[in-house]
Structures are given as structure tokens and as C-alpha cells.
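Model the full structure from these sequences, guided by the hints.
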Amino acid sequence: MNLPMLWIIPALPLAAVALNLLFGDRLGKKGTSFLACGAVGLAFAAAIRAVLTLAARSPEERQMVETAWTWFRVGDFSADVSFLLDPLSAIMVLVVTGVGFLIHIYSIGYMAEDPSFRRFFLYLNLFMFAMLTLVLADNYLLMFVGWEGVGLCSYLLIGFWHEKQSATDAGKKAFIVNRIGDFGFLLGVMFLIAWTGSVNYERVFAAAPHLFVAGGSIITLATILLFVGATGKSAQIPLFVWLPDAMEGPTPVSALIHAATMVTAGVYMVVRSHVLFEMAPATLEVVAVIGAATALMAATIGLVQNDIKRVLAYSTVSQLGYMFFACGVGAFGAGIFHVMTHAFFKALLFLGAGSVIYGMHHEQDMRKMGGLAGKMPITHLTMLLATIAIAGIPPFAGFWSKDEILAKAFATGHYGIFAAGLLGALMTAFYMFRLYVLTFRGKPRFEEHAAHGHADAHGHDAHAAHGAHDDHGHDHGHGGPVKESPWSMTVPLSILAVLSVAGGWVGIGKPFIHGESWMATWLEPVLGHGPHMKHLSAPAEFALMGLSVAVAAFGIFMAFRAYLQQPSIATAVRERFAGVHNALYNKYWVDEFYGAIAVTPIHQGAMRLWRFWDEKVVDGTVNGVGYVLEGVSALLRLFQTGYVGTYALFIAFGVLALFLHFLRS
Amino acid sequence: MAPIPWLSLLVFFPLVAAVLIAIMPAGAHKPIRLWATLAALAEFVFSIPLWWRIAPGQAGFQFEEKLDWIPAIGAQYHLGVDGVSGLLALLTTFTTLIAVLGAWTSVEKRSREFFALVLALEAGMLGTFFCLDLLLFYVFWEAMLIPMYLLIGVWGGQRRVYAAVKFFLYTMAGSVLMLVAILSLWFMQKEMSGIPTFDLHAFYQLPISPDRQFWLFLAFAFAFAIKVPMFPLHTWLPDAHVEAPTAGSVILAAVLLKMGTYGFLRFAMPMFPNALLVCAPWIAWLSIIGIVYGALVAMVQPDLKKLVAYSSVSHMGFAMLGLMAMNAQGFAGSMMTMLNHGVSTGALFLLVGVIYERRHTRKIADFGGLWKVIPVYSVIFLVVMLSSVGLPGTNGFIGEFLVLLGAFKHNVWWAVVAATGVILSACYMLWMFQRVVFGPVTHEENQKLTDLSFRERLVFAPLLLLVFWMGVAPQPFLDRMQPTLDRVLQMTNDRAQVLAEMAAPQPAPVAASLVMPAPAEQGGAR
Amino acid sequence: MIPVEWSLALSAVLFTIGVVGVLVRRNALVIFMSIELMLNAANLAFVAFARQQNSLDGQIFVFFVMTVAAAEVAVGLAIIVNVFRLRETVFVDEINLLKG
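Protein chains in written order, with the numbering used here: chain A, 1 to 665; chain B, 1 to 526; chain C, 1 to 100.
Check before you lean on any hint, since a few could be wrong.
Chain C is faced by these chain A residues, among others (derived, beta-carbon under 7 Å) [claimed, not checked]:
(1) Gly624
(2) Tyr643
(3) Val644
(4) Gly645
(5) Thr646
(6) Ala648
(7) Leu649
(8) Gly654
Straight-line alpha carbon distances no greater than 30 Å define the calculated DSBU-like cross-link-like pairs of lysine-lysine that follow [said to hold, decoys possible]:
(9) Lys363(B) / Lys29(A)
(10) Lys483(A) / Lys375(A)
(11) Lys616(A) / Lys363(B)
(12) Lys443(A) / Lys375(A)
(13) Lys30(A) / Lys363(B)
(14) Lys372(B) / Lys29(A)
(15) Lys483(A) / Lys368(A)
Note that these hints are calculated values from the structure, not bench results.
The structure presented is a predicted model; accordingly, all values stated were derived computationally and were not measured.
Don't be surprised by glycine CBs; every beta carbon is placed ideally from N, CA and C.
The following block contains the structure:
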């Protein structure tokens with residue numbers, strides 16, 4: 001028996017899906033959760049075993065390929081169902097299965113009272129399968145299977161409460177916007193196939209330097225198209241609009257799919273294709289600029305949102321922007337490093353937010369929270385750790401990765417992008433601590449024990465009434481005491497908190513230790529050293545670190561000051577810059593803009609195409625032919641009077657005409 | 001000649017069954033549907049050996065049968081099967097079985113005649129796929145129309161007569177032109193060799209000057225394009241689909257439309273290769289317009305069946321585009337799309353039929369919240385919808401991807417514009433799905449809907465199996481079609497070259513462009 | 001001897017009367033008789049030419065015509081009787097079922 005067995009990693013969740021589908025109705029909640037979590041846990045174990053096997057090899061040999069079967073082969077083109085484990089996919093697969101496992105556990109508690117418990121875990125397992133296929137694929141086409149598969153699961157899970165219009169709208173939006181990205185991705189892959197004749201990473205990357213001129217138009221076009229795919233999946237400008245809406249899904253979904261794993265698929269794909277992107281400097285510039293712009297824009301929106309999940313959603317978009325500009329400046333390793341740390345702290349933030357929402361009986365508006373620190377101690381502590389991590393305070397995980405990204409941007413001379421990143425970091429620290437303060441500190445702004453009326457609890461958009469079959473909110477009643485969540489939720493929070501603190505230490509590099517960081521060494525077989533990485537001197541590195549920490553500290557200070565000590569500041573600022581606030585609060589009206597330039601015109605155009613062009617012109621022509629024939633017949637039938645006399649007269653005329661004819665000739 | 005005329009048996013068994021069912025007592029609805037199903041099942045079982053007996057490595061026709069039919073004009077009864085027609089024949093027998101089983105409870109009125117006609121239609125379709133004699137082909141081609149015409153006209157909806165007449169006349173108009181072209185070929189053949197024949201093999205060898213080819217090709221192409229249907233000859237399709245009974249829609253979508261693309265592949269393209277070269281870009285762009293146009297128009301349909309009908313226009317555009325790409329991927333993609341479309345769209349029509357039978361409406365607005373009421377149905381609907389959208393892992397993706405790849409290799413812009421259809425298909429399908437299946441139950445009548453019965457699950461199970469089989473491991477299908485497709489491609493290219501050289505002493509430049517040159521190094525975006 | 005022209009003139013007159021009769025009369029029976037008149041005009045012409053040519057052919061033709069006319073009368077009268085039974089009229093302008 002072949003020991004590593006990569007294919008078993010995605011196969012385990014898929015098997016759980018099949019079993020759940022076939023026997024789920026007999027399993028009960030306990031059985032379902034056992035099945036679902038067990039499968040992912042086993043996948044995690046299998047992933048650890050595979051990665052350990054990989055790590056035992058010498059760095060040059062750290063690559064495992066397992067071909068399951070030939071997917072299809074036509075002419076000179078063939079695609080395999082084949083899996084690849086190398087240091088890059090190893091990190092991803094561990095993050096996906098590890099964080100995924102924790103979120104599965106968490107979901108047992110969070111979804112406990114939902115009537116569609118079984119369906120939830122079915123989708124979640126399906127998602128794990130697709131995501132693992134995505135990261136373990138050894139060619140672009142199989143990656144695309146996972147790519148679209150995670151999109152599907154995202155669609156299903158966002159619209160999980162499918163009786164709610166806003167949820168299904170958001171799911172549909174996510175799928176369609178992702179499809180626009182996939183359109184680019186597919187065309188990019190076709191460029192690769194047309195030129196290199198293959199979709200296999202190894203063959204494409206081996207052939208690329210011979211077939212493409214570095215910086216040439218073809219490679220630039222191909223990589224831009226691939227990047228379009230990434231902007232769709234990873235919610236970058238211009239296709240980021242779906243992610244904030246995706247918060248309609250259950251919170252564990254937001255944590256797993258829309259924070260920790262799926263949305264980073266775009267980054268993974270770009271890093272995976274770094275050979276191609278490095279050959280196209282123009283594309284890299286685009287990636288960097290888009291990434292920085294997204295990071296900045298999303299952060300500004302995040303400053304003013306009141307829905308706890310929306311703040312986190314924009315924060316995710318912003319952090320993804322960091323990952324992309326890391327790739328754009330050539331620091332692919334830093335990008336992946338940030339993917340990893342972000343997975344820890346952002347998953348924790350979402351789960352913590354979920355815990356708060358759970359404890360608050362489905363309240364998501366931060367204006368109605370406050371003072372939860374004492375009531376939910378574990379949630380509070382873990383959330384605080386994650387917030388510090390994302391703000392970028394050493395030695396927490398977020399600091400190391402964000403600092404590395406900023407340092408690389410600075411080192412490669414992308415000062416504008418560096419400045420944008422720094423500004424983004426400031427805002428990140430500010431809005432994250434705003435979230436923290438509003439939620440956990442200060443005085444409670446809600447009434448305990450008093451049952452809120454439906455209008456109150458359900459009045460705002462984020463969690464509008466799901467009708468009678470709502471999740472557990474109804475079952476344990478509105479407005480019960482705010483209490484800490486059950487262990488199945490707090491244990492994952494605690495584990496993730498540890499990771500949010502310590503998870504970044506693997507990336508501690510140059511100025512602190514001698515030689516490259518452990519992370520960089522691990523990724524080196526895949527990414528190499530990076531072509532144009534000049535190293536900064538140690539003092540410069542420390543100076544940059546100091547700068548970014550100072551900026552973060554300033555943001556934190558501002559948040560405390562404006563929202564805890566002197567709330568009047570926030571109000572004053574909001575009133576002083578009402579226009580700006582309005583623009584930010586309405587997310588720069590991007591959704592409305594897209595609606596006006598794309599959705600509405602296409603819909604109306606299609607309507608006109610059908611009503612006028614198809615029915616009147618095309619079909620009108622067809623029916624017109626019929627009408628013309630009918631008209632001619634109508635004329636001809638006038639001769640058919642039915643009277644014998646008329647016919648006799650015609651005969652007589654005919655004979656006369658013949659007679660005359662013969663007479664003349 | 002094979003000792004047992006297997007193909008003839010396949011063609012005529014349903015016909016005999018149809019006659020036998022037609023003479024059963026009229027009121028005996030239950031025995032009638034039982035026997036009809038048994039006949040369709042037997043036919044399907046008879047046809048299954050096609051899967052194995054069409055040796056994957058063999059390109060030419062097998063199981064040929066040849067008898068004199070009208071010796072005076074050289075018309076023969078000539079049947080044969082190869083990878084392409086074999087797979088389509090399997091699709092036919094499979095679809096007929098599914099359609100008959102699906103119509104158990106939906107047809108109460110004159111069920112005897114209904115089932116007899118469906119079986120007769122099956123005979124016509126199989127004959128069309130198997131025959132290798134053009135006169136015979138014409139006869140089968142036209143014979144197919146009659147049962148379909150009656151199915152729409154008698155068992156259809158409100159405007160059934162309008163739809164049936166439109167369908168009949170439209171298709172007829174195209175095929176009459178084809179008949180003229182067939183006769184013209186016959187005269188040419190007689191002039192050339194002195195032996196009158198309608199044999200396809202003989203026509204494959206016939207030297208026709210490129211400008212003469214043009215008109216003949218147009219005549220054939222017109223007939224086939226109507227059947228496909230290609231934009232702008234598609235308007236009979238929504239009417240016919242909307243009015244047809246479910247079984248009729250299923251067969252129409254799954255098999256009859258394939259006749260058009262099959263006709264191109266089998267007749268129009270290899271016989272008139274030079275004309276094809278001239279026309280291919282036009283046809284390709286029309287197909288691409290069809291892809292986008294069908295998707296856009298589908299988006300705004302208020303009627304489920306019409307939506308699926310327009311989505312057929314879009315999908316069949318992919319099938320045509322693949323053919324026009326004239327390379328291995330395009331051909332294989334086109335053929336896969338034909339099979340996929342048969343499975344997915346057939347299933348979609350069945351799904352619409354299921355709720356129509358229960359609610360007697362097809363308006364999207366009359367539904368909503370079905371997931372809560374009939375979850376099994378909704379899950380199947382979801383899977384079929386996704387396969388129609390072309391999600392990787394389902395059958396739809398393989399066909400679309402290969403077509404796009406083939407188109408990309410031929411002309412990048414073809415692929416770019418056609419790929420927008422991928423986005424649009426998600427738009428119209430998801431929107432429809434949201435309005436039908438998601439949301440709260442808005443209509444009181446929908447509260448009492450019953451979920452799929454055992455028989456209905458039996459209908460959908462094999463379809464779902466095919467959806468995943470063809471999506472996950474399509475190679476067995478590709479292995480069976482590829483030798484034939486390669487042969488057609490080869491023949492078309494060779495003939496184009498030979499005929500062009502015959503017409504002009506120097507090698508014509510057009511012929512060369514058929515063969516896609518290896519991508520030039522960094523040639524810039526073509 | 002009567003010149004052939006006279007016979008022909010008579011034949012023409014009879015024929016014209018027949019034609020006009022067919023065209024203007026409304027009663028089917030009269031139309032029928034007019035048709036007979038036309039046939040007989042033709043017969044007269046045949047006989048006249050036979051006499052002039054000294055050939056029996058024309059006379060033989062007359063027998064044929066008479067036979068046909070007899071058959072025609074039989075069938076035609078039967079039709080008219082049937083029409084009368086069904087519609088209670090033999091006026092042709094009241095019978096227009098074939099109107100397109």
C-alpha cells in the first residue's frame with residue numbers, strides 16, 4: 001500500500017458527504033457531527049502524516065505526486081486527477097484541515113439548534129473536499145474543479161437560510177461574481193494550454209521560460225487573466241463586492257470560507273504560479289497596486305460599519321489586499337505567511353464574533369453591545385488576543401507577517417505601496433479596536449432578561465427574520481441572560497488564540513535570528529529566493545518595525561480614546577465629515593454603481609432583446625413568411641366562388657382565349 | 001454483412017412495439033404504459049451492447065447492412081454505426097426510456113396513441129442516426145417529424161397547434177432544400193461514374209468544385225441549422241418546447257436537436273469541406289451570438305420551459321462552435337456537449353414536468369420555497385442546474401471546456417466571447433433556481449406538493465449518475481468518439497486540400513488555414 | 001346538297017346557345033340540357049365533316065359522343081337528384097360548398 005496517500009485527504013470529507021447524504025437521516029445530530037468532524041479530523045491527521053513524510057525528505061526532494069486517474073485526454077491535451085504535496089501546498093493543507101477541523105467542532109455548538117443541522121455539515125464537508133482538491137491539485141484544471149467547487153459551497157452556505165431573500169441574494173451574487181473571475185481564470189489557463197500544451201504545474205513552469213518572453217505580451221495577458229480569477233475568489237477590486245454580503249451565511253461559514261480558507265485561494269493560486277508572474281513584471285505591478293488599493297479601500301469602509309461581521313468582512317478584504325501586494329512586490333513567501341497567520345486570527349475573530357452573536361441571541365449590531373468582557377470571559381480574552389494580532393503588535397502572529405510584507409514592499413522600492421500599507425495598518429488597528437471596545441468594553445447597551453420584540457431584534461438587515469424556522473435564536477428565547485458559549489465553541493477559540501499568538505513565530509527572520517526564517521527555508525524549494533530581493537540592513541529593519549508598531553499603537557490609542565473615554569470625539573468627527581462618513585458607510589456606492597452599469601442594463605437589454613428582437617424581429621420574420629403566404633392565398637381564394645356558373649365562365653373565357661391564340665398563329 | 005441484422009432490429013423493434021401498442025384496447029391505460037415501458041427498456045437493453053461492441057480503436061462503420069431498396073435509382077437500405085452515431089443512438093434509447101417512464105402519470109388522454117408515437121419516434125431517430133444512404137436518411141429525417149408533430153399537436157398545451165405547425169413547417173422548409181441538394185449530388189454522382197447511388201461513401205469521394213459546394217453546403221447547413229437550432233433560426237424551439245408534453249420536450253431537447261449537429265458532422269462538413277472553410281467563421285460567430293443571445297433571453301423568461309428552451313439555444317451554440325473550431329478538442333467538446341445537453345436539459349425538462357404535473361403551471365412566479373416542501377426534488381434540481389451551468393465535476397464542464405479550448409486554439413476571440421456565456425448561464429440558472437426553490441413558500445398551493453415518488457426517483461437516478469460519471473471520468477465516452485471524430489476531421493481536411501488543388505493548379509491558401517499551426521512563439525495575442 | 005358551311009353555322013349557333021345556356025341559367029337541369037345541346041352541336045359538326053370528307057370516322061365519333069353523353073346523363077341526373085334531396089334545390093347559385 002502506498003503510504004502517503006494524498007488523495008485520501010480530500011476523499012475523507014467527500015466520503016462523509018456521501019454517507020451523510022445516504023444515511024444522514026438515521027444518524028441524528030450526534031452521529032452527524034461525529035461523522036462530519038471525524039472525517040475532517042481524519043483528514044487533518046492524514047495531512048499531518050503526509051506533511052511529516054514530506055518534511056523527512058531532503059529539501060530538494062520535497063515533492064509528492066499521486067495520480068488517481070486520467071480525467072480526460074483529447075488529442076494532444078490531457079488532464080489528470082492528480083495530487084501534489086510540496087512545501088507550499090503542505091502549509092495550505094495543514095491550515096485548511098486544521099482550522100477547518102476547529103471550525104467544524106465549533107459549529108456543533110453554534111448550529112446545535114438549527115433544524116438543518118445535517119445539511120449544514122453536508123455543505124461544510126463538501127466545502128472541505130473542494131478546498132482540499134484546490135490546494136492539493138497538481139494542475140490548473142483540477143485546481144479549477146476545487147476553485148468552482150468552493151464557489152458552489154460558498155453559494156450554498158451563504159444562502160444556507162434559504163428562506164431569507166437577502167441570504168439567497170448574497171449567495172447568488174457570490175457565485176456570479178466568482179464566475180466572472182472564473183471566466184478570466186479559464187481564459188488564462190487556456191493561454192497556458194495553447195502555448196505550453198499542458199495544465200500540469202510542473203510542465204507549465206518548466207516550459208514557460210522557453211516559450212514565453214519575459215515581460216512579453218502573452219505572458220502578461222495570461223497572468224492578468226489568472227489574476228482576474230484571483231480577484232474574484234479573493235475579493236479584490238473590482239470584484240470584492242460579494243464578500244461583505246457573504247456575511248449572510250452562518251458565522252462558522254464566514255470564519256471558514258470567507259476568512260480563513262476559500263478567499264485565500266486566489267493568493268495561493270498566484271503564489272503557486274509565481275514562476276509565471278515573475279516573468280510578467282507588468283502584471284506584478286498591477287497585482288501590487290490592486291492589492292494596496294483594496295487594502296486601503298476596504299479598511300476605510302471598515303472604519304464606520306456597525307455590524308460586527310461586516311467590520312470583519314471588510315477587514316478580511318483589506319488583509320487579502322496585503323497578501324496580494326506582498327505577491328505583487330515579489331514577496332510570495334510573505335504572502336503565504338500572511339495567509340497562514342490571517343487564517344488563525346481571522347478565524348478566531350469570526351468565531352469570537354459568532355460566540356458574541358450567539359451569546360447576544362443573534363444581535364450583530366455593535367451599537368447594541370458593550371461591556372461583554374465580564375460576561376463572556378473566554379470569548380473576550382481570545383478576541384482580544386486576535387485583535388492585538390491583527391493590529392500588528394509584537395510578538396503576536398499578525399505582526400510578523402504584516403511587518404514582513406511591509407518590509408519587502410519597502411525593500412523593493414515600492415514606497416507608495418508601503419505607505420498605503422502603513423496607512424492601512426493604522427486603520428486596521430483603529431477599526432479592530434473600535435470593534436473590541438464597542439463589543440466588550442464600556443457599559444452594556446442592551447437590556448438583559450427583557451425579551452426584545454421581533455422588530456427590535458430583527459429590524460436590521462444582517463439577521464432579518466428567517467421566519468418561523470429560524471435557527472436556535474427562537475429556541476432558547478430572545479433576551480435570555482448573556483452567557484458564555486458552550487465548550488465546543490470555547491475550546492476552538494482557545495486553540496486558535498494560542499495560534500494567533502504563537503503562529504507567527506515560524507516566520508521570525510533576519511534581524512532576530514541568524515539566517516532565513518523557518519518559514520522561508522521551508523518554502524524555498526518552491527519559491528526559491530525570489531529574484532530581486534535585496535535585503536535591508538538590520539537597523540533599517542528595526543526602524544520599519546518600530547514604525548509599524550508605533551502606527552498600530554497610535555490606532556489602538558485613538559480607538560480607545562474615541563470610543564471608550566470620550567465617545568463625543570467619534571460623534572463629532574462623524575458630524576464634521578458627514579459626507580465622507582456617508583460615502584464610507586455606503587461602501588462608496590460600489591454595489592449601486594455596478595447595479596447601474598451592469599446589472600440593470602443587462603437585465604433591461606435582455607428584456608428588450610426578448611420582447612422586441614426575438615419576438616418581433618426574428619420570430620416576426622418567421623411568422624411574416626407565413627402571413628405573406630396567407631395573404632397570397634387569400635387573394636387566390638377569391639377565384640374559388642363555389643358557383644358552378646363562375647367556373648363555367650372561366651372555362652368559357654379559357655376556351656375563347658385558346659381559340660384566339662390559335663386564330664392568331 | 002452481420003449474420004443478425006442488429007441495427008435493423010434496433011430500428012424496427014420500436015416500430016413493431018408501437019404498432020402492437022396501437023392495437024391494444026384504448027382504455028387500458030395501465031397495461032399500455034407498462035408495455036410501452038417494457039418495450040423501451042428492451043430496446044435500451046438491446047442497444048447497450050453498442051457501448052462495448054463499438055471497439056474504441058475503430059473509426060469506420062460497423063455492423064453495416066446493405067440491401068437494395070429502389071434499384072432503379074440506386075437507393076439502398078444501408079445502415080451502419082460508428083462511435084458518434086453509436087453514442088447518440090445510446091442517448092436516444094436511454095432518453096426514450098426515461099421519457100416513457102416519466103410520462104406514466106402525466107399522460108392520461110389517449111395514452112395508447114401517445115406511447116405508440118413515442119416509440120415510433122424512437123425508430124425514426126435511430127434510423128436517422130444509423131443510415132448511410134442519403135435518400136434513406138431523408139426519409140427517416142422526415143419520418144421523425146410526424147410523430148413529433150402529433151405529440152406536440154395533440155398532447156400539447158394551450159397553443160399546441162400553432163407550435164406544432166410551426167415546428168413542422170420550419171423543419172420541413174429546411175429539409176426540402178436539403179432534398180434538392182441530395183438530388184443534385186445524385187445527378188453529379190451519376191454523371192461522374194454512371195452508377196446512380198445515394199451512398200454516403202460514394203458522396204464522400206465525390207469531387208465537387210468549391211463554388212458548387214458552396215450552394216450545396218448552404219442547402220444542407222440550412223436544414224441542419226434549423227434543427228440545431230442556430231440563431232436566428234431558433235424561434236420554433238421555444239414554442240415547440242413550451243407547448244410539447246414533457247416527454248416530447250425531453251426527446252426534442254435530448255435527441256432531435258442533436259440531429260442538426262450530427263448532420264453537420266456526418267454530412268455537411270466532410271462532403272463540402274471547401275465551402276465549410278468559407279462559411280465556418282460565419283457559422284461560428286452565429287453560434288457565439290446564439291450562446292450569448294440564448295443566455296440573455298433565457299434570463300428574462302417568466303416561463304420555466306421557455307427558459308430551458310433558450311438555454312438549449314445557448315448550449316447548442318457551444319456544440320456548433322466546437323465543430324467550427326475544426327480541431328480535436330473542439331470536435332470532442334462538441335460531441336460531449338451534445339451528450340451532456342441530452343442528459344442535463346432532458347433532466348431539466350423532466351424536472352419542470354414534475355412540478356407542472358402537480359401544479360399545472362410553469363410560471364416561475366407561481367413557485368418559490370420549494371426546498372422546504374419537496375427537498376429531494378430540490379436537491380436533484382440543484383445538481384441538474386449545476387450540471388447545466390457547467391460546474392467542474394459535472395458533465396457540463398467537460399463539454400464546455402473542450403469547446404472553449406478548441407475555439408481558443410482556432411481563434412482567441414471566439415473563446416473570449418463564448419466564455420461570457422459561462423457567466424451568463426450562471427446568472428439565469430441561479431436566478432431561476434432562487435425564485436423557484438429558495439425563499440418562503442409564497443403560494444398556498446405549493447404547501448401541499450408531494451415530493452418525488454419512487455418512479456420519479458427511478459427516472460432521475462440514472463440521469464444523476466450520468467451527470468457525475470461524465471463529469472468525473474469522461475474518458476470512456478471520449479475513447480469511443482475520438483477515432484470517429486479524428487477520421488471526420490482527417491477526411492474533411494484531406495478533401496479540402498485535394499479539391500482545392502483540383503480547382504486551382506496551385507495549392508489554395510484557404511486549405512492551409514484549416515490546420516492550426518503550432519502557436520508561434522510570442523506572436524502577440526492573435 | 002347543303003354546303004358544309006351551313007351545317008357548321010347551325011352547329012356553331014347551337015353550341016353558342018348551349019354555352020350561353022350553361023352560363024346564364026340557374027337551374028341545374030337546364031344547364032344539363034344546355035350541355036347536351038353543346039354535345040349535339042359537336043355531333044352535327046362531326047357528321048357534316050364526315051359527309052364532306054366521305055369518311056366514316058366522324059360518324060363513329062358521334063356514336064362515342066352519344067355513349068358518353070348517355071353515361072353523363074345517367075351520372076349527372078343522379079347527382080342532381082341527390083343534390084335536390086339534400087338541399088331541396090337545383091339552383092346552382094344556391095350550391096357553393098366549394099367556396100374557398
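Status of each hint after checking the structure:
no.	hint	in the structure
1	Gly624	violated (23 Å)
2	Tyr643	holds (5 Å)
3	Val644	holds (4 Å)
4	Gly645	holds (6 Å)
5	Thr646	violated (9 Å)
6	Ala648	holds (5 Å)
7	Leu649	holds (6 Å)
8	Gly654	violated (12 Å)
9	Lys363(B) / Lys29(A)	violated (38 Å)
10	Lys483(A) / Lys375(A)	holds (6 Å)
11	Lys616(A) / Lys363(B)	holds (22 Å)
12	Lys443(A) / Lys375(A)	holds (12 Å)
13	Lys30(A) / Lys363(B)	violated (41 Å)
14	Lys372(B) / Lys29(A)	holds (19 Å)
15	Lys483(A) / Lys368(A)	holds (16 Å)
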